[in-house]
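Each chain, written out:
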Amino acid sequence: MEFSPTTLSILYWSTLLSSVASGAAAVIDCRRKQFDLFGVLMVAFCAALGGGTLRDVALDRPVFWIADSSNLVFVWLGALATFFVARKIELSANRFEIPDAIALGLFTVAGTHAALMMNTDWVVASFMGVITSVAGGILRDILLNEEPQVFKCQVYATASWVGALLYVAMWHRVDPNLAAAITAITVTLLRFGALRWNWTLPKA
Amino acid sequence: MEFSPTTLSILYWSTLLSSVASGAAAVIDCRRKQFDLFGVLMVAFCAALGGGTLRDVALDRPVFWIADSSNLVFVWLGALATFFVARKIELSANRFEIPDAIALGLFTVAGTHAALMMNTDWVVASFMGVITSVAGGILRDILLNEEPQVFKCQVYATASWVGALLYVAMWHRVDPNLAAAITAITVTLLRFGALRWNWTLPKA
Amino acid sequence: MEFSPTTLSILYWSTLLSSVASGAAAVIDCRRKQFDLFGVLMVAFCAALGGGTLRDVALDRPVFWIADSSNLVFVWLGALATFFVARKIELSANRFEIPDAIALGLFTVAGTHAALMMNTDWVVASFMGVITSVAGGILRDILLNEEPQVFKCQVYATASWVGALLYVAMWHRVDPNLAAAITAITVTLLRFGALRWNWTLPKA
Numbered sequence: 001m002e003f004s005p006t007t008l009s010i011l012y013w014s015t016l017l018s019s020v021a022s023g024a025a026a027v028i029d030c031r032r033k034q035f036d037l038f039g040v041l042m043v044a045f046c047a048a049l050g051g052g053t054l055r056d057v058a059l060d061r062p063v064f065w066i067a068d069s070s071n072l073v074f075v076w077l078g079a080l081a082t083f084f085v086a087r088k089i090e091l092s093a094n095r096f097e098i099p100d101a102i103a104l105g106l107f108t109v110a111g112t113h114a115a116l117m118m119n120t121d122w123v124v125a126s127f128m129g130v131i132t133s134v135a136g137g138i139l140r141d142i143l144l145n146e147e148p149q150v151f152k153c154q155v156y157a158t159a160s161w162v163g164a165l166l167y168v169a170m171w172h173r174v175d176p177n178l179a180a181a182i183t184a185i186t187v188t189l190l191r192f193g194a195l196r197w198n199w200t201l202p203k204a
Numbered sequence: 001m002e003f004s005p006t007t008l009s010i011l012y013w014s015t016l017l018s019s020v021a022s023g024a025a026a027v028i029d030c031r032r033k034q035f036d037l038f039g040v041l042m043v044a045f046c047a048a049l050g051g052g053t054l055r056d057v058a059l060d061r062p063v064f065w066i067a068d069s070s071n072l073v074f075v076w077l078g079a080l081a082t083f084f085v086a087r088k089i090e091l092s093a094n095r096f097e098i099p100d101a102i103a104l105g106l107f108t109v110a111g112t113h114a115a116l117m118m119n120t121d122w123v124v125a126s127f128m129g130v131i132t133s134v135a136g137g138i139l140r141d142i143l144l145n146e147e148p149q150v151f152k153c154q155v156y157a158t159a160s161w162v163g164a165l166l167y168v169a170m171w172h173r174v175d176p177n178l179a180a181a182i183t184a185i186t187v188t189l190l191r192f193g194a195l196r197w198n199w200t201l202p203k204a
Numbered sequence: 001m002e003f004s005p006t007t008l009s010i011l012y013w014s015t016l017l018s019s020v021a022s023g024a025a026a027v028i029d030c031r032r033k034q035f036d037l038f039g040v041l042m043v044a045f046c047a048a049l050g051g052g053t054l055r056d057v058a059l060d061r062p063v064f065w066i067a068d069s070s071n072l073v074f075v076w077l078g079a080l081a082t083f084f085v086a087r088k089i090e091l092s093a094n095r096f097e098i099p100d101a102i103a104l105g106l107f108t109v110a111g112t113h114a115a116l117m118m119n120t121d122w123v124v125a126s127f128m129g130v131i132t133s134v135a136g137g138i139l140r141d142i143l144l145n146e147e148p149q150v151f152k153c154q155v156y157a158t159a160s161w162v163g164a165l166l167y168v169a170m171w172h173r174v175d176p177n178l179a180a181a182i183t184a185i186t187v188t189l190l191r192f193g194a195l196r197w198n199w200t201l202p203k204a
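Order-wise, the sequence lines are chains A, B and C.
Under the UniProt record's numbering, the residue at position 32 of the first sequence is numbered 32, and the numbers go up by one with no gaps.
Under the UniProt record's numbering, the residue at position 136 of the second sequence is numbered 136, and the numbers go up by one with no gaps.
Under the UniProt record's numbering, the residue at position 70 of the third sequence is numbered 70, and the numbers go up by one with no gaps.
With the rest of the complex left out, here is chain A:
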């Protein structure tokens, strides 16, 4: 169940750009904590690449940014640019809502696919999709010494989980390139809906 070369290429670049956006968004959060430039690079790294790192460590795969350091380089260049731009221009966090929703969909596909390729069952595979898309944000909030935003905001991880389950259901039944597109779009649209109509989960 491998992707076509074109899909691989599209997924590679779109996921890389999504990582850059996640890292850049995290730079804004560092401002209220007065973190220095090194803090900014570390928080951006965790936000952008932390979820995939936990997935790879848990699945005992080679960590993706160790195998391909372009991930590190792009995320840090994006964070540096945001750091200096944010000193001149007021950047608000909600500027990143659209790229972040797209990242949510792409990371869900990447994580669920990686788990399925390791022959995990559907429960684990869908959870790995969720881990890949939300654990980076949780690590970012731990470094910021704040409660995880994803446990309090509008539907976010749930959108990822729905998409991951959809991807699992399509595995070996639907062309993987099509399945990836359907999943990524579904997750992103669900997140847009959550933001637009303020969908939330029940609270403890």
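Just so you know, these hints were derived from the structure itself, not from any lab.
A quick note: this is a predicted structure, and the numbers were derived from the prediction, not measured.
Take every hint as true, because none was put in to throw you off.
Identical copies look the same in the list; a pair holds intra-copy or inter-copy alike.
In the EDC-like style, the derived pairs of lysine to aspartate or glutamate whose C-alpha atoms are separated by at most 20 Å in a straight line are:
hint, residue 1, residue 2
1, K33, E147
2, K203, E90
3, K203, E147
4, K33, E90
5, K152, E97
6, K33, E146
Use these hints to put chains B and C onto chain A, whose structure you have.
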């Protein structure tokens, strides 16, 4: 030094039930933070399965809940049930003290045994028993953005460490099924004693 | 590119002593949180050995303190001694600034060297040097439920990164024993300079 099939089966089910209890107890903690249902599932996951996950990653073993996802399913079902029950009935955290003390003993056995099977030395093996039984609670408190309870409460990790050292001392000397029973019971009784007579460690 | 037996031996013992100093320094931080003796041992463990642990897990190498538990034993003995001394004598955190700057240099060498031996590229290798030298302190601060000091203090991680890049640049060009000495001394002197002249990075 393998367990008999009966012991394996008892340990498997009792440890699984203990995980469910640890996860359910964590749901109560989520209430004061107003976490949503996804937060509840993640905190329960970390509390119940986080210690064993860190042990498996450190020892480079396959992560146990990836190999057997019943752990995930049972913990989440227990967390869901607690989440909905806790909206109707006032559940206090000390309702979970007895199952939690039992979990402490069982997780200590599981962790120490797993490390010894990987031929670690006695220091590492006993520490792995402690990691398995307390690191989940530490991860839970990190997600809650609170100081780890286990660093402030009555004797808890120490009970686990005493049991782990006992298990290590019995390794290759005492029948493993008996050693597991002695260890689990010792840890649980020590924790009961700590709660009953308010034993604490000296503070920094 | 292996070290001579003498260098290996010097690096082994100096890094071990540096770990002990990092763990001991963390005991002082535990005081304001009123953590108990177990908390002290765990915080010291994370501060001293946490960075190397994350490096080994990310690179999929055997975790160094599992392979050689002297690391655990020495760190815990140092933490215990500090714990009891600190109850009699007022120990301030800045007593540890000199050993900590030395540790920074040694951990940078150890981390960068380990990554290069696994054939990572220069970006990853230098980042692994930084992770090895600063991630332990970040884990300590997470356990203390505080914002990472390294994101706010005078130049610290940057000194490590400069040294790591220097080590990478000397790899296969300069005798590794000499390269290790140059790197460790450069990092330590940069950190001394940062403390002396209050060098800081720009803030977000």
